[in-house]
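Asks: Make the full structure from the sequences, and use the hints.
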Amino acid sequence: MSPLRWVLAAGAFAVVQAQTSSSFPAGVIATGTQGVTNPPVATLGTAVNQSSMARLLSVNSIDDFCIFAPPEPNSLIADTETEEVAWCTKPRNNARLIPDGTITGVSFLKNDFYVQVFGYGDFTKLNIRHGDEGGELDPHGATGAGNPVGGNITTNIVDGLDEPLAEWMLYVDYNQFCIRACINANATYSAAEMCWHELDEMGCEFVMPGNYDFNGTFETCEADIAYPPGWYPTATNDGTTLFSTFAQYYTGAYTRDGTVVDYTVGDLVTPSNPYFTPRSSNCVTTSTIANGVGFNAAGVPTGTSAAPGSGSASSASATARSSSGSPAGPSAGSGSGGKSAGVPNARMDGQYAMIALVSVISGVVAA
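The sequence shown runs -18 to -1, 1 to 349 under mature numbering (1 follows the signal peptide of the UniProt record, and there is no 0).
Calculated directly from the structure, the hints in this document are not laboratory data.
Please note: incorrect hints may appear among the correct ones.
List of simulated lysine to aspartate or glutamate pairs, DMTMM-like, C-alpha gap at most 20 Å [what the hints assert, rightly or not]:
1) Lys92 to Glu204
2) Lys92 to Asp46
3) Lys92 to Asp195
4) Lys107 to Asp46
Replies: Right, dumping it as structure tokens:
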């Protein structure tokens, strides 16, 4: 793209942002520009490019979403978290295309606070090394530039417009992923808290609790609202719910004025479960998802694949599911209120050192 066209496109993105962000609570809409590798706006129908370095995800529907994965084959998420690229189910955003047959099950969930996608598949096809326990990605990272750097997410699920979102989190390993993009906030739960990104060793089922018993099924559901990751209600005072919060335990050291200073952050006791598991309800299933694009051995598009395309919903369910049996949770209208992807050992290397250093400097944690 020529410099002039890029400037004009970037300006168009700013206009779109200005037109759409006023109806959202503070902290929901991203205020920066797209990363340098990204198109200025989310765009459906872009050319398929399996060497693209674009890092713009869209999370719109069960057959129109993207995830981050490495740019080079046989990679570990922990080694490549700053450089992951976008892989999408449809040709869009100048991103790479997820080959048909890669994903074996999806649960696409929406409620008043976030849109959330759980998925299973063979993500060695997206360059993740077999057996890799993966890690967590978010728009912050150790330096504030994001993991991956310049990574962004949009959704059109709120108002039909491609809204750029400030807060999101994604866990991915070689056979599972989960992603949450936060679309709302209130006086009790900010978007940053609902998409809290500092529990990266805890995995999908702790940070984004829900029904994970869906592999082999492609479903779109409504969902109860979870409490923010690590929040546990403890009491109610004059109608306001009080919470305790879990902080992940981490120790390390840094050098200050030539002296090595040890630090500790987080809680010594790690909870085994979130407070409750939200139910999925009103689920509608489809037989599969596919884009119909085939690839040769070199990864070059060859035309139509043999995989079936995604069609209209083939069945529906109004049965609520819950592994906890508890329907309690936050209310969108009230002010009160590692597995890699799935093993509790996946970690975003370097992030906690930065968190701990900030905590020490601010006096929150004594060295």
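Asks: Does each hint hold? Answer for all of them.
Replies: Verification of the hints:
Pair hint lysine 92 plus glutamate 204 holds up; C-alpha atoms about 5 Å apart against a cutoff of 20 Å. For the hint linking lysine 92 to aspartate 46, the alpha-carbon distance of about 14 Å falls within 20 Å, and the restraint holds. Only pairs whose Cα atoms come within 20 Å are accepted, and lysine 92 paired with aspartate 195 is accepted, the gap being roughly 18 Å. At roughly 18 Å between alpha-carbon atoms, lysine 107 and aspartate 46 fall within 20 Å of each other, so this suggested pair holds.
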